[in-house]
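Asker: Each chain, letter by letter, is given below.
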Amino acid sequence: MNTFANNAIVRLEDVHLSFGQTEVLKGIDLTVNKGDAVSIIGPSGSGKSTILRCINALVAPQSGRITVGGTRVDQLTKESERIALRKRVGIVFQQYNLFPHLTVLDNIVLAPTRILGVDRREAEKLARHLLEKVRLVEKANAYPGQLSGGQQQRVAIARALAMKPELVLFDEVTSALDPETVGEVLWVIRDLVRDGMTSILVTHEMRFAEEISDTVVFTENGRVVDRGSPEQIFRNPDNPRVRQFVSGLSGHNAMRDGEGI
Amino acid sequence: MQDMNLTDLFVSLTDKVGLNYQFLATGYEAQIWRDGFVTTLYLVVLLIPVSLIFGLLFAACLTSGRLWLSAPVRAFVEITRNTPTLVQLMFSFLVLNTFVSNLVGGAQNNPLTPFFWVVAVVGLHIAALHAEAIRAGIEAVPASTVEAARGIGFNQLQILRYVEVPLAFRASLPAIVNNLINLVKLTTVGNAIAVSEITYASIMVWTQRDNVVELMIVILAFFSLINLIVARVGLWVERKLAVPGYGL
Numbered sequence: 001m002n003t004f005a006n007n008a009i010v011r012l013e014d015v016h017l018s019f020g021q022t023e024v025l026k027g028i029d030l031t032v033n034k035g036d037a038v039s040i041i042g043p044s045g046s047g048k049s050t051i052l053r054c055i056n057a058l059v060a061p062q063s064g065r066i067t068v069g070g071t072r073v074d075q076l077t078k079e080s081e082r083i084a085l086r087k088r089v090g091i092v093f094q095q096y097n098l099f100p101h102l103t104v105l106d107n108i109v110l111a112p113t114r115i116l117g118v119d120r121r122e123a124e125k126l127a128r129h130l131l132e133k134v135r136l137v138e139k140a141n142a143y144p145g146q147l148s149g150g151q152q153q154r155v156a157i158a159r160a161l162a163m164k165p166e167l168v169l170f171d172e173v174t175s176a177l178d179p180e181t182v183g184e185v186l187w188v189i190r191d192l193v194r195d196g197m198t199s200i201l202v203t204h205e206m207r208f209a210e211e212i213s214d215t216v217v218f219t220e221n222g223r224v225v226d227r228g229s230p231e232q233i234f235r236n237p238d239n240p241r242v243r244q245f246v247s248g249l250s251g252h253n254a255m256r257d258g259e260g261i
Numbered sequence: 001m002q003d004m005n006l007t008d009l010f011v012s013l014t015d016k017v018g019l020n021y022q023f024l025a026t027g028y029e030a031q032i033w034r035d036g037f038v039t040t041l042y043l044v045v046l047l048i049p050v051s052l053i054f055g056l057l058f059a060a061c062l063t064s065g066r067l068w069l070s071a072p073v074r075a076f077v078e079i080t081r082n083t084p085t086l087v088q089l090m091f092s093f094l095v096l097n098t099f100v101s102n103l104v105g106g107a108q109n110n111p112l113t114p115f116f117w118v119v120a121v122v123g124l125h126i127a128a129l130h131a132e133a134i135r136a137g138i139e140a141v142p143a144s145t146v147e148a149a150r151g152i153g154f155n156q157l158q159i160l161r162y163v164e165v166p167l168a169f170r171a172s173l174p175a176i177v178n179n180l181i182n183l184v185k186l187t188t189v190g191n192a193i194a195v196s197e198i199t200y201a202s203i204m205v206w207t208q209r210d211n212v213v214e215l216m217i218v219i220l221a222f223f224s225l226i227n228l229i230v231a232r233v234g235l236w237v238e239r240k241l242a243v244p245g246y247g248l
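These protein sequences, in sequence, are chains A and B.
The first sequence begins at 1 in the working numbering and counts up by one.
The second sequence begins at 1 in the working numbering and counts up by one.
What the hints contain is simulated information worked out from the structure, not anything from laboratory work.
Computed from a predicted structure; not experimentally measured.
Just to be clear, a hint being listed does not mean it is correct.
[To be verified] The following label-pair restraints were derived from C-beta to C-beta distances:
hint, chain 1, residue 1, chain 2, residue 2, range
1, B, 244, A, 27, 41 to 51 Å
2, A, 125, B, 161, 47 to 57 Å
3, B, 241, A, 148, 23 to 33 Å
4, B, 161, A, 244, 45 to 55 Å
5, A, 77, B, 244, 37 to 47 Å
6, B, 241, A, 223, 44 to 54 Å
7, B, 79, A, 69, 49 to 59 Å
8, A, 137, B, 242, 20 to 30 Å
[To be verified] Examples of chain B residues lying across from chain A (beta carbon under 7 Å, computed):
hint, residue
9, 108
10, 145
11, 163
12, 167
13, 243
14, 244
Cβ coordinates follow ideal geometry from the N, Cα and C atoms, glycine included.
Model the full assembly from the supplied sequences, consistent with the hints where possible.
Answerer: Set out below in structure tokens:
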């Protein structure tokens, strides 16, 4: 990992975070290189989503260093500095969280025009290009409520990409979807990763994580238990806990395979 | 001339069914009555925007998260919605207005008219009700939607403007329309401090003419018509803003 250190775009060092009395992160170390896809896996409640929220300053850790593309996130004190960071880091949520009162096109155009000050016509051009990428051009004028979960999630990805982020965080983006639409969302993410978009994914899609990741990180109880190549984590896990987790999930994965990812 | 003929025709026709509208043919009382309608309409047209502007302002204060903004507004909202508007109006006119008069050196220098006090008291009273409706609407915007907006890079004011207010306004619109219907009816409290809106003007007429029923019929029809229009416009706006596939 150290050999690629100069190429690191995200680095977390000994990050500790508590919500009140609950210790959520107990010393997280994580390095993500530019252009890499890193998957964070592990049982629910292990702090995976919180790691992502630390990276774009939606929550602040009590201690530890977080560096994103040269910015010391843990040292940001002003909201304006956090906003400047969030413009560079896209995030896609489990529940899509589109703006329900805006059309698909307006959902994508809102941030570039209002935050970056991009000309409306130019923003629309980019939005249509992104909709092509996520295969939803024909839904440009639909409202989120008229779309399936998978379609909404693809719009949410396009919305994040419209800000031309340096990296994108995916927070269990397929967990709320019915099995039939999971595939179409994973297809879009796979394309992004192949295009070299730096991506950090919190996911329960083990088969997918194995396929697209450069590195897989296994977390439990707020700690990184193991990390390595997908091959290492999924095929030859050294760590007994990882072995137990992966083998327990294999049946679930087999079922998903059948759904045609 | 045409008008006079129509009025005469109306008076004679209604007289045949036993309704006494003879005052309409006179100059003075008919004028008072007509002015009553105009004053009521004037109050309504003025009060609707006043109540909405202050309602939005109050709601912004209530949800600002800043105690020095929210606490005074919260206190005002509680007082105004828990006490009778008539009492508020009398208090304002008899106490606050007198206070102002003393400050400026006598009632003759006081620019504040009874009409002003009706607009202030009724407008702020309904604004308090709007504020509660809008506040509830803002708080009903899912935390996850707000988090997504923050995650994209919107600041607090942009989130309010582009996400929370548009959603909150849709959610609170039915309650706001109800408040406006109440507002129309509340204009009649002006009669307590001699603002010659329609009920005050009617009392002036019927004490002379003994035609309470005749005037009541018209007053009730008049308010029904205004509120029918308010409700219709409200419904139209609601439909105009309706989002396909979304519950609000």
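Asker: Each hint needs a verdict: does it hold in this structure or not?
Answerer: Hint check:
1. 244(B) <-> 27(A): 41 to 51 Å: 48 Å, holds
2. 125(A) <-> 161(B): 47 to 57 Å: 25 Å, violated
3. 241(B) <-> 148(A): 23 to 33 Å: 24 Å, holds
4. 161(B) <-> 244(A): 45 to 55 Å: 50 Å, holds
5. 77(A) <-> 244(B): 37 to 47 Å: 43 Å, holds
6. 241(B) <-> 223(A): 44 to 54 Å: Given range 44 to 54 Å: holds, Cβ gap about 49 Å.
7. 79(B) <-> 69(A): 49 to 59 Å: 53 Å, holds
8. 137(A) <-> 242(B): 20 to 30 Å: With Cβ atoms ~25 Å apart, the hint holds.
9. 108: 53 Å, violated
10. 145: 5 Å, holds
11. 163: 6 Å, holds
12. 167: At 6 Å from the nearest chain A Cβ, residue 167(B) passes the 7 Å test, so the hint holds.
13. 243: 5 Å, holds
14. 244: 5 Å, holds
The structure does not agree with the numbered hints 2 and 9 stated previously, though it agrees with the rest.
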